[in-house]
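Sequence order for the protein chains is Z and V.
In this text, residue positions in the first sequence follow my numbering: the first is 1, and each later residue adds one.
In this text, residue positions in the second sequence follow my numbering: the first is 326, and each later residue adds one.
Since the hints were made in silico from the structure, they are not lab data.
Mixed in with the good hints, there may be bad ones.
[To be verified] On the chain Z side, residues computed to face chain V include the following (Cβ under 10 angstroms):
id, residue
1, Gly21
2, Gly26
3, Asp170
4, Arg215
5, Leu222
6, Tyr223
7, Gly231
8, Glu249
9, Glu281
10, Arg283
[Stated by the list, open to error] One side of the interface only, derived from the structure: several residues of chain Z facing chain V at Cβ under 7 angstroms:
id, residue
11, Pro3
12, Thr16
13, Ala19
14, Ser20
15, Leu211
16, Glu214
17, Phe230
18, Glu251
[Unchecked claim] Negatives, chain V to chain Z, calculated, CB over 12 angstroms:
id, residue
19, Ala328
20, Gln331
21, Val338
22, Thr340
23, Glu353
24, Val387
Glycine is no exception: its CB is placed at the ideal position from the N, C-alpha and C atoms.
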Amino acid sequence: MRPLCDRCGRREAIHTLRASGENLCGNCLLQEIRLKVYSVLDRVLEEGDRVAVALSGGKDSSLTLYMLKEYGEHARLNFELAAITVDEGTPYRRTAIEKASELTKLLGVNHRIVAMRDYHGISVSEIRSKLPARWRRSACTYCGVLRRWIINSVAREMGATKVATGHNLDDVLQTHIMNLARGDVPAMARSGQGVRSPSPKMVPRIKPLALIRERDAAALTLYLGIPAHFGKCPLTTGMRVGVRRALDELELALPGIKEDLANGIESVISRVRSSGGVSVELRECKLCGEPTTGEICKACQMKLELEPIVQRTLLFGSTSSEGSS
Amino acid sequence: MNAMIQVEIEGQVLTVSRFTRVADLLREMGLHPESTLVLVNGRPAPERMYLSQGDRVKFVKVTVHFQGV
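Please construct the entire structure, taking both the sequences and the accompanying hints into account.
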């Protein structure tokens with residue numbers, strides 16, 4: 001038997017907020033999440049913005065698009081909305097891309113689907129199949145870097161003033177912990193919401209779900225019936241998985257620690273930023289012209305690294321026909 | 326009153342105590358509550374909910390690891 005909602009006391013509960021232990025009905029869960037998402041959007045969006053949502057078709061980016069559309073309809077601000085989906089070329093992505101198309105049609109949002117192969121001359125499936133055993137990076141790492149490059153480039157081409165991503169509280173916290181472990185203070189300083197970009201070529205990113213736990217976003221997506229893919233990428237490996245598990249265990253022992261940690265780290269970052277202690281300078285990549293902190297951007301570094309492995313040129317727009325079997 | 330009930334978990338009929346809550350089920354199945362949602366009869370279910378005779382239970386993994394944007 002379903003308990004009644006701890007807030008309204010009228011409807012059946014569908015979800016437990018683990019931070020507070022409250023059981024909420026779908027309507028109260030929507031209110032809870034809407035309040036937090038709107039508080040972020042109130043801060044980071046500006047009148048006349050053109051927001052491109054990086055829409056993978058998974059639950060988080062789908063909910064992000066849904067909430068942005070709803071926020072716009074509540075006429076709190078005039079801004080344009082579009083979605084970009086990168087097809088990385090793995091069979092796993094088919095369902096998610098179909099869900100992304102379904103959602104954008106449903107919401108009436110302009111949707112652009114671009115293939116990684118068209119931009120980088122290689123797909124993630126090919127990277128995965130050609131990487132030698134025990135190579136120093138996983139296909140997952142290449143995928144993330146190459147995808148970010150495409151999203152920034154396509155968003156800029158579309159005239160976007162902001163890129164909205166589906167990063168939730170868990171994602172943000174994991175990234176902070178990984179940056180801390182690497183001692184990468186500049187990366188932490190860059191990671192805030194809608195931080196002014198030091199380069200006109202870098203479209204500022206916003207994370208509307210940054211205050212929402214992944215499981216709460218998932219429950220709301222299911223409750224609202226938003227078309228979205230629920231599934232784990234079979235290529236996932238790396239440090240993030242371990243950090244995620246460790247944080248989940250910590251949360252079991254100390255409920256609410258995720259929010260406390262995220263708030264604490266954000267507060268440190270904002271102090272570092274306001275003290276002017278970290279300045280990030282961006283220049284143009286010598287090879288592709290995209291913004292980078294070094295001489296050559298990460299995407300070009302990775303393509304150079306992959307060239308001897310796939311035995312063809314990946315830079316300067318070379319594509320599939322050159323021995324891609 | 327029978328102390329045991331039958332529920333369908335991921336398509337498999339199992340007999341469980343009638344005092345089994347969603348949180349107990351997660352623990353018994355070795356699933357992490359932070360990364361798993363439970364659907365009972367097609368709807369998300371709170372952890373405090375007791376299972377009833379004939380309930381159909383499914384688990385949804387919420388960890389996708391496919392963002393990196």
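Taking the hints in turn, this is what the structure says about them:
1. Gly21: Holds, about 9 angstroms.
2. Gly26: holds, 8 angstroms
3. Asp170: Given a least distance of 8 angstroms, the restraint on Asp170 of chain Z holds.
4. Arg215: Constraint on Arg215 of chain Z satisfied, holds at 5 angstroms.
5. Leu222: Since chain V brings a Cβ to about 5 angstroms from Leu222 of chain Z, closer than 10 angstroms, the hint holds.
6. Tyr223: Where the cut-off is 10 angstroms and the nearest Cβ of chain V is about 6 angstroms from Tyr223 of chain Z, the hint holds.
7. Gly231: holds, 7 angstroms
8. Glu249: holds, 8 angstroms
9. Glu281: At about 23 angstroms, which exceeds the 10 angstroms cut-off, the nearest Cβ of chain V leaves the hint on Glu281 of chain Z violated.
10. Arg283: violated, 22 angstroms
11. Pro3: holds, 5 angstroms
12. Thr16: holds, 4 angstroms
13. Ala19: With Cβ-Cβ at 11 angstroms, over 7 angstroms, it is violated.
14. Ser20: violated, 12 angstroms
15. Leu211: violated, 16 angstroms
16. Glu214: OK, holds: Glu214 of chain Z within 7 angstroms of chain V, min 5 angstroms.
17. Phe230: Check passed: Cβ of Phe230 of chain Z comes within 6 angstroms of chain V, closer than 7 angstroms.
18. Glu251: holds, 6 angstroms
19. Ala328: holds, 16 angstroms
20. Gln331: Holds: least Cβ distance 16 angstroms, greater than 12 angstroms.
21. Val338: holds, 20 angstroms
22. Thr340: holds, 18 angstroms
23. Glu353: Label holds. Min Cβ-Cβ 16 angstroms, cutoff 12 angstroms.
24. Val387: violated, 4 angstroms
Checked against the numbered hints above, the structure violates hints 9, 10, 13, 14, 15 and 24; every other hint is satisfied.
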